[in-house]
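Chains as they are written, first to last, in my numbering: chain A, 2 to 470; chain B, 2 to 470; chain C, 2 to 470.
Keep in mind the hints are simulated off the structure, nothing from the lab.
Note that the structure is predicted; figures quoted are calculated from it, not measured.
You may find that some hints are simply not true.
Which copy is meant is left open, so a pair is good if it fits within one copy or across any two.
[What the hints assert, rightly or not] Cut-off 27 Å, straight-line C-alpha distance, at most; resulting in silico cross-link-like pairs (BS3-like, lysine-lysine):
no.	residue 1	residue 2
1	LYS81	LYS369
2	LYS405	LYS81
3	LYS384	LYS210
4	LYS298	LYS363
5	LYS380	LYS182
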Amino acid sequence: CLRFAVGLAAAVVVYSPAVAQPPDVPASDTQPTRIEADLYSQLARMQQQIDELKNVSAAPAPIYDFAPMPHCEPKPEKPKFPTVRLTGFFQADAVYFDQDATNIAAVGDAQDGADFRRARLAAVGQAWDNVSYQLEMDFAFPGRPNFMDVWLDVDDVIGSNNLRIGQFRQPFGMDGLTSVKEMTFLERGLPFAFLPFRQIGAALYGNHKDELATWAISAFRYPTDVYGGNVGDNGGYGMATRLTGLMINNDDGNGLVHVGGGFSFIDPANDKFQFRNQPEVFVGEDGGGVLAGTNPKLAPFADTGEIDARNASLFSAELAGSCGSFYAQSEAIYAQVDQLAGPMLSFSGAYAYCGYFLTGEKRPYNGKAGVFGTVTPTKSVGKEGGIGAWEVATRYSHVDLSDKNINGGRLNNITAGLNWYLNPHTKFQFNYIYSMLNAQAGAGPVPVSAAGVGDSEAGIYAMRAQVDF
Amino acid sequence: CLRFAVGLAAAVVVYSPAVAQPPDVPASDTQPTRIEADLYSQLARMQQQIDELKNVSAAPAPIYDFAPMPHCEPKPEKPKFPTVRLTGFFQADAVYFDQDATNIAAVGDAQDGADFRRARLAAVGQAWDNVSYQLEMDFAFPGRPNFMDVWLDVDDVIGSNNLRIGQFRQPFGMDGLTSVKEMTFLERGLPFAFLPFRQIGAALYGNHKDELATWAISAFRYPTDVYGGNVGDNGGYGMATRLTGLMINNDDGNGLVHVGGGFSFIDPANDKFQFRNQPEVFVGEDGGGVLAGTNPKLAPFADTGEIDARNASLFSAELAGSCGSFYAQSEAIYAQVDQLAGPMLSFSGAYAYCGYFLTGEKRPYNGKAGVFGTVTPTKSVGKEGGIGAWEVATRYSHVDLSDKNINGGRLNNITAGLNWYLNPHTKFQFNYIYSMLNAQAGAGPVPVSAAGVGDSEAGIYAMRAQVDF
Amino acid sequence: CLRFAVGLAAAVVVYSPAVAQPPDVPASDTQPTRIEADLYSQLARMQQQIDELKNVSAAPAPIYDFAPMPHCEPKPEKPKFPTVRLTGFFQADAVYFDQDATNIAAVGDAQDGADFRRARLAAVGQAWDNVSYQLEMDFAFPGRPNFMDVWLDVDDVIGSNNLRIGQFRQPFGMDGLTSVKEMTFLERGLPFAFLPFRQIGAALYGNHKDELATWAISAFRYPTDVYGGNVGDNGGYGMATRLTGLMINNDDGNGLVHVGGGFSFIDPANDKFQFRNQPEVFVGEDGGGVLAGTNPKLAPFADTGEIDARNASLFSAELAGSCGSFYAQSEAIYAQVDQLAGPMLSFSGAYAYCGYFLTGEKRPYNGKAGVFGTVTPTKSVGKEGGIGAWEVATRYSHVDLSDKNINGGRLNNITAGLNWYLNPHTKFQFNYIYSMLNAQAGAGPVPVSAAGVGDSEAGIYAMRAQVDF
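Using the sequences and the accompanying hints, generate a full structural model.
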């Protein structure tokens, strides 16, 4: 409103119209007739009106004494903070298993099913100009509702770095730090088994001003339960750090190479570790309201069981890149576990995958976090009249949880994926996972029966509907 | 702001004012005097000012370079989607039981108590112009928090029909599809025992363009647990369909007759069914923080226990109508269960109820869903100075869960209800339920002791406070 | 927008410009020349334009037919109610214990740890002009999520008093009614053990029009579980009342003296009571996802165990005051328990504490609730360039849970606190608690082993990060 008034005033002032008055000639030279004098008088009155218009326009404040402004939302007078926004998402999965007999003997008869893999609500916002927060709960994972990202951030604590306090994903691993809403496949790769992931603690993190590099270091209690707590006098501490950089960073996403590395040292409460993972898919049924009869949850295909150990050191290396509609990401993780009453253990895992958008989109890079970001279809399904974004992708991943006295098994997965992004907030995903397990005889959780020792295979068909807001 | 400017421009343009200039006569005919020429010059300058006003009005864009617009909220530039709204409601109940001795022997000593029957929070919104979603959790029902409506809808998938994916109330039964916020009595009628209700799956649904009919068909996993999951290789699938129409539909709610029917076929996971129901009221205490001593939950009055069965077919018929402040609704449901090692079973249930608004309101009909809708008091309590809406209602309902080798009991309820709607979002409800149970001797959960065999009665006084937002 | 238009019209009208016309002289006296007549004609046309400007300004409604108003948010036309706002907060704690040997024998080896003490989300708003509500859940406390404040309020039910229905903190005790977000120390004082606190029921409450006094009376079911329910035919009812007043109330917070008292009578369901408390700190780990090995929760230091009793009467007295940056609060609670098969029991507790703001802030008094309110730093950390508010505080508190046949223990705590309020919504708290336990030999939960009988000490270091929104 004011904008128009001010603009009006400015435009009028620019032209500096003269005030109506008799021409600048000697009064004795020409005498206006009575009619002409009256005309001058009227002109002066009209000029006065225009001047009033100008005054009204140039001094908007008094205007607001005249009347309320019912058709404009008034500028909020109340304090700007705290701000809060409700966000969330859910993933509804359907999964079908095709196991060979050895695989069934090794991990049990995996049941077909449908389930919500994740369903989250979060409050996010600013508590103050330099303090942001998130309070996120997951309602789908056993332990419901689980603490997810529950933290407060104070900006610019040391230089332009931020301090984060609460529960959050510890800075270790590119896959682990990629948002679960933005994953190319249904689940993270098999080496996810090693990650400290969400723990309660504090971190300092920042990035290069041109977003060419990121760094982070954290200290935390370990292992944090699903409600964000950990106790234990005998250890229970860990630290993690991650550094990433862009080696090549051509504009427009045409040519980008990311490298990164991480390290984590963990002294667990109660001197116990356990590493395990499902075959990059999960489906389960839990809680009351249904009649039992089958194993309600998919068992881990590889599982070390409890290991009595003083501490563990984790190392990770990342290499990723994109060029046009093609992108690729890979990571290797190595874990060294110092057993209490046994030899030093070495476990490892790695994955590599690539994706290509058939419809021409690019996978953007999130330079603040050092991970790939959200895909936005060029033309969404709906009023835009598009077909959304279509992506094909494939992944190889591997984890070896067997070493010396621990027989957790070796698991290799090959996955083919097809993703259909209807719009930036809705997608359907289809994965075919060919999972190859090598189980060793031993005291560990896998295999569940002796007939499962050796190589076995499972084919897994899975699909997902996801919406976020 | 622009509106004013554009309007101004339009108004001025309509009048096409002439530019100030000498009259259109031959120059030789009359020569203006020097004074008169000066007047023309001044008129021209004034006209120039007015023209500038017009230009300013007609070309608003450059205006915004001059100044910010602090008193108008700028039009949001960011994407319109996703949208999100936080909604929810809760129901606080107090219940008193008056059982005869046989009834206590049959179902246990039902304890008086107070409880939150339902307490829900939901995020609802649009993920895109053609994709809507809901993520709703209930915090009051055992299993807390439970998945309620958690789905995404894609509009106009086949013709003008919508596709729904996730967990939702399956299209079967008018009572079951009526919102729990809008029920005439505290609970749905006894035949609710048979409904598949909320399951994880997909549905296609739509309605006649004038909302004279609705249709829906769905496929789902069965039985879905309280967290939206189901697994099982041996079955675990179901389908449901419902069709409704208006036979009479006079405007203004004066004369409406609804008919409908539904069918559902279910092949349950693990070949197990169980049908049961409380006496149209529920109160309980659960979880920690209190000292035990009494049975903390109201037992079902009728309960088949687990039935080993291949599948079940469900049939429903609906008849409802309204005229002025009076309305009535009835439904019959028939279930045929194919036992694994026993004869075919037949169970059935029915209810009929009517309501009347003493304060003159009408019960609106929701033509998109084929159910009755929300009551809005003519004059709410508060600033409107009204007494809200007052409604009396009565219901008879029946369920027979005994057949052949299954002794689930026969239950008949008569209910008198009084509802006080303070405003469209707050109501108090009072129910007196006279519950008549006929329990047969058998291996089922009811009766809990032999002394409970035969006819027994319970009088139940219940009240509820409800608020929704 | 309209504001400008109306303002323009008003300004123009004030000056009542004359319409352009020949001077008011007899027509026969002076005849305008043809040129002059034309000038009048032009003036008239220009005046007509200005009049049009006026008309456009004075009659804004038709303007909106010309064009949409894309730069102003239109005034919302939809109903004003219900309103809803998402609020919440969380507290992340880290705690370290330093127990002597007797204390470890008395209460177990308390484990160091980190945990979310509270994490809450709430929907609050108005369902109608005279009906407000809250639906709050806590996700951190065992039993998650727990019902917190879940109620509806109807305004002006008897005079200007409000009626509250649902679960809420019963009106008894100043400490108990102070918001957990605004506590000076990490936890409420030891006498909190006796409070009915949150129960399901109804209350009538109000305050003096100048906020010089508050009153409240309530009836409720007892004990209400973590989900807001209670059942039981044998009792299960309670009532509470509280009255507070300001003896001295100088403006500007310079000199305020608060006195108050409360009474509660409780006939518990199942004739059972239990009083207990942790040493004003709590840390725990619970639920799955972690490997066990230590006692996951801090045990109560004083605990009566279950007492079979008919009823209990509770009495409280409050005295508090503030002067400038200094404030103090104290409370004494006396409980009399009528045992079923034993003598009448008397338990008691008291606390007193004071706080002082080093940075000059005052602790405001909430005259509507009769408790101290929220601290707002004079200059917050961030763009305001301040250091926030810094507060030092100390508390002594005591509870005696041993009487006659009940050996719950006597606990005395001395606490030193330092609070740093970064801004009105973010704070860090540091507490050192010196806890002195006197445990008697007996059948109660404390001590857990005979070596714990007698006096023992524990030093507790605790810190908290809190953000609210």
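Looking at the structure, which of the earlier hints fail to hold?
-> Violated hints: 2, 4; rest satisfied.
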